[in-house]
Amino acid sequence: MKNLKFIQNLFNDTPDLVIRTLKRKYQSIYVVYLESVASGDRVNSYIISPLTLPSNYKEKIEKSLAGPNLKIITIKEIELYLCSGFAIILDGKKLYAIETKADLDRGIDDAKVEPAIYGPKDSFVENIQKNIGLIKKRIKSGHLKTENKLLGRYSKTVVSVLYIDNITKKELISEILTKLNNIDIDSINTSGELKQFLSNENKNVFPAMKLSERPDTIVKSLLEGKVIILVDNSPFAIVLPSVLADFINPTVDDYSNSLNTNYLKVLRMCCFILTIITPAFYIATTTYNPEAIPGLLLMNISTQRFGVPFPSIVEALIMLFVCELLRESDVRFPNNYGSAVSILGALILGESAVASGIVSPIMIIVIALTFITSLIFNEVEINGAVRSWRYIFLFFAATLGLYGFSLAIIIMLLNLCSYKVFKLNYMFPISPFDFSYLKETLIKIKRKKLNTRSKYLTDNIRKQS
Amino acid sequence: MKKIIILTIILLLTGCYNYKEVSDLAFISSFSIDYTNNNEFNIILEIKENNKDNLFSSYLLEGYGKTIEAAIQNASLSFNKNLYFINLDILLISSNAANLKLNNILDYVTRDNNFALDFNIAICDDSKGAIENILKKEEIFGRYINTLFKNTDNNVINIKLNDLLNSYLNHYYDIILPIINLKDNTIIIDEAVIFKNNEIIEHLNEKEISIYNILSNNLMDYYIHLELDNNIVFKTTHYNTKTNFKNNTLYIIPTLTGSYIEFENLNLNNSKELKRITEKINAKFNNEVEAFIDNLIKIESDPLGLKRYIKQKSLHKIKYRISTNIVLENKSLIFKSIGGK
Chain A
1 MKNLKFIQNL
11 FNDTPDLVIR
21 TLKRKYQSIY
31 VVYLESVASG
41 DRVNSYIISP
51 LTLPSNYKEK
61 IEKSLAGPNL
71 KIITIKEIEL
81 YLCSGFAIIL
91 DGKKLYAIET
101 KADLDRGIDD
111 AKVEPAIYGP
121 KDSFVENIQK
131 NIGLIKKRIK
141 SGHLKTENKL
151 LGRYSKTVVS
161 VLYIDNITKK
171 ELISEILTKL
181 NNIDIDSINT
191 SGELKQFLSN
201 ENKNVFPAMK
211 LSERPDTIVK
221 SLLEGKVIIL
231 VDNSPFAIVL
241 PSVLADFINP
251 TVDDYSNSLN
261 TNYLKVLRMC
271 CFILTIITPA
281 FYIATTTYNP
291 EAIPGLLLMN
301 ISTQRFGVPF
311 PSIVEALIML
321 FVCELLRESD
331 VRFPNNYGSA
341 VSILGALILG
351 ESAVASGIVS
361 PIMIIVIALT
371 FITSLIFNEV
381 EINGAVRSWR
391 YIFLFFAATL
401 GLYGFSLAII
411 IMLLNLCSYK
421 VFKLNYMFPI
431 SPFDFSYLKE
441 TLIKIKRKKL
451 NTRSKYLTDN
461 IRKQS
Chain B
1 MKKIIILTII
11 LLLTGCYNYK
21 EVSDLAFISS
31 FSIDYTNNNE
41 FNIILEIKEN
51 NKDNLFSSYL
61 LEGYGKTIEA
71 AIQNASLSFN
81 KNLYFINLDI
91 LLISSNAANL
101 KLNNILDYVT
111 RDNNFALDFN
121 IAICDDSKGA
131 IENILKKEEI
141 FGRYINTLFK
151 NTDNNVINIK
161 LNDLLNSYLN
171 HYYDIILPII
181 NLKDNTIIID
191 EAVIFKNNEI
201 IEHLNEKEIS
211 IYNILSNNLM
221 DYYIHLELDN
231 NIVFKTTHYN
241 TKTNFKNNTL
251 YIIPTLTGSY
261 IEFENLNLNN
271 SKELKRITEK
281 INAKFNNEVE
291 AFIDNLIKIE
301 SDPLGLKRYI
311 KQKSLHKIKY
321 RISTNIVLEN
331 KSLIFKSIGG
341 K
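Protein chains in written order, with the numbering used here: chain A, 1 to 465; chain B, 1 to 341.
Check before you lean on any hint, since a few could be wrong.
Derived DSS-like pairs (lysine-lysine); straight-line CA-CA distance at most 27 angstroms [stated by the list, open to error]:
#	chain 1	residue 1	chain 2	residue 2
1	A	Lys-130	A	Lys-101
2	B	Lys-2	A	Lys-203
3	A	Lys-203	B	Lys-3
4	A	Lys-93	A	Lys-137
5	A	Lys-420	B	Lys-3
6	A	Lys-63	A	Lys-220
7	B	Lys-2	B	Lys-196
8	B	Lys-2	A	Lys-420
9	A	Lys-463	A	Lys-170
10	A	Lys-220	A	Lys-140
11	A	Lys-23	A	Lys-63
12	A	Lys-220	A	Lys-446
13	B	Lys-284	B	Lys-246
14	A	Lys-423	B	Lys-3
Source of the hints: derived by calculation from the structure; they are not laboratory data.
Using the sequences and the hints, build the whole thing.
Structural data, given as structure tokens:
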């Protein structure tokens, strides 16, 4: 009765708390569960039915409920188990927790954020056990270790740290576990939130860790010697450590011919550079260093700018602002209205802005090129970083021309080269140079020749003989 | 945060000093300099329109001044745009200005970083007439002349500022410049002038220009026609001249590769006859080159830079030998020609 009163006090004003009383040989036992997170059917079939059988009337509870996942728990754990969908059996002083979770998550679905034409279609879901299952389905080895942690004072979110013990460096694992142990917060709901606690966010705009919804990408990272963190209720896994090359080279490249893929890799690298520098280069050359532009093109630009009332830098900022606005409204607005926003945007940017003389056609080309090249990256964080650097470049170019533009390049390179993620340089595998990892990211060679892992990520470098 | 504020202030205080919008630039296509009898520079600037409706039109600004800069200032007094010379197509210099002030002019255009080094230079005594003649055809003069220089069928001396400076600053060379003439309302570039000690001393005709181009290996693809008495025309497709100095003799070996494109009473299937004709053309070209070099020795001007081989200040004591080498190209076409018999 003491335990029951404790539960009633703890879950006071909780209408979904169900308490059922069952008569046993000498005394009554109580089955308590939260009907919002536990399945009533499972409670009936796993607990009520077996315990009410005449043959089980005199049997001990452990014997009567031999089938389902049964744990003996303490009074302190009642709250966690009840909220996790378990039913609690109060048998005198003894407390039993039986797993009767309701199916509150969706089934495994296609990858939406990182689609691949020829790669596997499955992606992570909000259920951590399913996510671990998707990984274990691909790595059938006892060396794949999982360490679970409960994070969040109220949310008590399950966070799993996955690694392959004979590949991943021990220092990396202990560093990550230490960081996780130091987290003391009310709740952790998604991997995106957890990511912020693991990285020194305010030090750099570039993301320090990659989020992925693809189990094949995660498996590849595990086999390279990286650590994966899965968060319950989040369909994204965190890959630690991640470097710039990981963001601009998706794993789906592995499923195509190496020659064709290398072309795409070069294209992506060009896009990364172009999306940052295009508006700044245009401003620097047209307003400070027109001699860098071929005569005929300069004449055309001059002709197109005829009658535009704003300086080029203001024109560029207006266009960038409008494009960011369109992108944000496209992302936030329900899909059904998406096309209307796009049409409106196209009208504003294409026809009307030029016709009204607010911007020149060449500026539309410059900004369109900037945005099209940024769309090649599906990682939102890298797009955010690119946007910040785009404005820094613009500022330098608008004040000092090509000289300022060159200064901005130097500052960005200094920033990238001095940035470290879990002791790994962000410009890796270029600096420090590592051909093994270069073959996995920035260039693609024959599959047969990918026989070593990077020595910077693991001590076990041999992949195949 | 303090660092960002300081950086922003530094950039804003030190930057923006040479900011100019591209639509505020006046693109100059041609620039003409004359030196008048009143000891004044007379300059004419042809400015391209940067208006959407008049893409192929331009207008002129004219000014006078004791210096080139003063003349330019005078021309742009009532003008509201920045004069932009980087995309200059051609610099026209009058004979008078070339004879008297070439040094000043070259000094001015190289000292001012508003000029590039890749515009053409030519002598023109009626630059205003020539420019207006082209303007009447609704074309931009500078662009029009540029295409004339680039046209490989034209036998012209294509000299840009950097080439001219190379010759001007090298004491082994004398300058050579093309002449733009206005004949019967048509622009023609069929002459050139040779300088000695910065003064015009000789005019070259079309034939001499082609010999000069072959001997100096100017990378032009135009065709040279060598005509014999019986209307046989040898047309070159490419050429190469080697020069070396041995035993006190300068050997000049032009190799002309080409084919016979027009002929009368010539049987191309007869190899002996073909050889005889080829030798005749060889000898004819040899004579023409000899005459050209003899003339250069006579006037003591050296646009070919022959002095750099003999390492002497004068061409007078030079011994030279010309060995032209005619190479027939594309024999199958020659032998299968329907005009052979």
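Results for each hint:
A C-alpha spacing of about 14 angstroms is found between Lys-130/A and Lys-101/A, which places the hinted pair at or below 27 angstroms, so the restraint holds. In summary, the hint linking Lys-2/B to Lys-203/A is supported, as the alpha carbons are separated by about 15 angstroms, within the 27 angstroms threshold. For the suggested pair Lys-203/A and Lys-3/B, the alpha carbons sit about 14 angstroms apart, so the restraint of at most 27 angstroms is met. At roughly 41 angstroms between alpha-carbon atoms, Lys-93/A and Lys-137/A are farther apart than 27 angstroms, so this suggested pair is violated.
Distance restraint check for Lys-420/A and Lys-3/B: the Cα-Cα separation of roughly 21 angstroms lies within the 27 angstroms cut-off, and the hinted pair is therefore satisfied. In summary, the hint linking Lys-63/A to Lys-220/A is not supported, as the alpha carbons are separated by about 44 angstroms, beyond the 27 angstroms threshold. For the proposed pair Lys-2/B and Lys-196/B, the alpha carbon gap of about 65 angstroms is over 27 angstroms, so the pair is violated. With a C-alpha separation of about 24 angstroms, the suggested pair Lys-2/B and Lys-420/A falls inside the 27 angstroms cut-off, and the hint holds.
Under the criterion of a C-alpha separation no larger than 27 angstroms, the hint pairing Lys-463/A with Lys-170/A is consistent with the structure, at around 19 angstroms. In summary, the hint linking Lys-220/A to Lys-140/A is supported, as the alpha carbons are separated by about 14 angstroms, within the 27 angstroms threshold. Between Lys-23/A and Lys-63/A the CA atoms are separated by roughly 17 angstroms; this keeps the pair inside 27 angstroms, and the hint holds. With a CA separation close to 16 angstroms, the supplied pair Lys-220/A and Lys-446/A stays within the 27 angstroms bound.
Our distance criterion of 27 angstroms between C-alpha atoms is met by Lys-284/B and Lys-246/B, whose separation comes to about 25 angstroms. The suggested pairing of Lys-423/A with Lys-3/B holds, with an alpha-carbon distance near 26 angstroms, which does not exceed 27 angstroms.
Against the hints set out earlier in the document, violations occur for numbers 4, 6, 7.
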